[in-house]
Amino acid sequence: MGSALSSDPAYLPPTVRRAAKILVTGHFAVGKTTFVRTLSEIEPLRTEEVMTRAGELVDDLAGVEGKTTTTVAIDFGRRTLSDTLVLYLFGTPGQDRFVHLWEGFAHGALGALVLVDTRRLADSFDVVARLEDMALPYAVAVNHFDGAPRYPDDELRQALDLLPDTPLVTCDARDRPSSVRAVIGLVDHLLLHLPQEHP
Amino acid sequence: MTPVPGGRALVRSHVVTGGRGTPSRNTLDHVTLITASREDVEGLEPETRRLVRLCLGGWLSVAEAAVHLGLPVSVTKVLVADLVDSGHVTATAPAAPAGAPSPQLLKDVLDGLRALL
Ligand SMILES: Nc1nc2c(ncn2[C@@H]2O[C@H](COP(=O)(O)OP(=O)(O)OP(=O)(O)O)[C@@H](O)[C@H]2O)c(=O)[nH]1
Ligand SMILES: [Mg+2]
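Going line by line, the protein sequences match chains A and B. Those letters in the first sequence? Residues 1 to 199, by our numbering. Those letters in the second sequence? Residues 1 to 117, by our numbering.
Treat the hints with caution; some may be incorrect.
[What the hints assert, rightly or not] Far from chain A by the CB rule (all over 12 Å, computed), these chain B residues: (1) 38; (2) 40; (3) 63; (4) 85; (5) 86; (6) 87.
[Claimed, not checked] Derived list of chain B stretches under chain A, where covered just means 3 residues or more per stretch with a C-beta under 8 Å from a C-beta of chain A: (7) 28 to 34; (8) 49 to 60; (9) 68 to 80; (10) 103 to 112.
[What the hints assert, rightly or not] Chain B is faced by these chain A residues, among others (derived, beta-carbon under 8 Å): (11) 19; (12) 46; (13) 88.
Calculated from the structure, these hints are not laboratory results. A virtual CB, placed ideally from N, CA and C, is assigned to each residue, including glycine.
Extracted from the complex, chain A is given alone in its bound form (with noise of 0.2 Å):
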C-alpha cells in the first residue's frame, strides 16, 4: 500500500451499510475492555480522543486553538450482525472527569450498558446517577467477579437505585453468549421504550 498503517485493516463485508453503537461503561476496572474484547470480531482497537481540560470531547479542531488539550484511548471493538448491520460497542471509562467525552459519545448511540462490580457497589452511584442525568437509556450488567458477593436482585436495585423498568442482568465478560445475553437485556428495554414519534 505504499505509506504504512498503525495496523491491519479488517475491512466490513462489503454490503454493510448500517452502523450502530452501544456504550460499555462502569467504574475503573469493572470488565468494560474485557467485556467488548468477548464480543468483538476484530482485534479491539483504542482510538485516540482528544479532550479540552475541561474535559469537553473535540469534535472539530477548529473550536479548540489556543486551549489546553489532552488525550485519552478509548477501546472499541465490532460485531457484524447481518449483510447490512454492524454493531460497535464503545469502552467509555466512567470516571468524573469524563462526563463530557461521554456526552459526545452518546450522540447517536442506541444506548449505554453500565457493567457492575458487587464488591465496590459505590463505586457505580455515580455511574447511575449520571446515565440518569443524560437522556441515554440504559441497562445495568452485574460482572460477577469470582469470590464477588451475589445479592438478590431488589437489594442491588435498592443499593443503586433503579428505576424498576431498568434492567438488571448478571453477566461474566469473559463469556461470550453470558455478553451477548446482557447487550440483548439492553436492546429489549430500547424497544419496549421507543419515543413516541414512532409508531
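Got chain A sorted already, so can you dock chain B with the ligands onto it with the hints?
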C-alpha cells in the same frame, strides 16, 4: 462553480466557510461508515492521501480509519469531511440519528444478537 438553472452560482458551503463547520463534518461520527469513491490522489496532502488509500480497500468506520492511520478521531473527521466534499470518499448517513433509533434498527440489532447465541 456550476451555474444552476435559477441563475445563481451554487457555492458549496465549505468554500464559503473555508472548510470549517461543513454540513458533512457535522454528520460524521465515530461509526460513520466510509469508503473511497475516487482513486486519483494527485494534489492531495499526504495525510488525506493515506486516508483515501486506506478507504480503497473497502468499508470501515471513521473510528477504525483513525486507528489505522494513527490519528486522533477528531483529526480524522476533518480529513474525511474534506474528502467527502471533494468526492473522494463516500460516507453513510447515521443509522441512528441523535435521539431516536428506529424500531427497525433495534429489531435488526436484536435479531443479529440472538443469532450469536
Ligand atoms: N473473574 C473475572 N475477572 C474479570 C471479569 N471481567 C474482567 N475481569 C478481569 O478484571 C480486570 C479488569 O478488567 P478490564 O476489562 O481491564 O476492566 P476495565 O473496566 O476495562 O478497566 P479500566 O479500563 O482500567 O477502567 C482484568 O484483569 C480482567 O481480566 C469477570 O467477569 N470475571
Ligand atoms: Mg479498560
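Next item on the list: Would you list, in rising numerical order, the hints stated earlier that this structure does not obey?
Entry: 3
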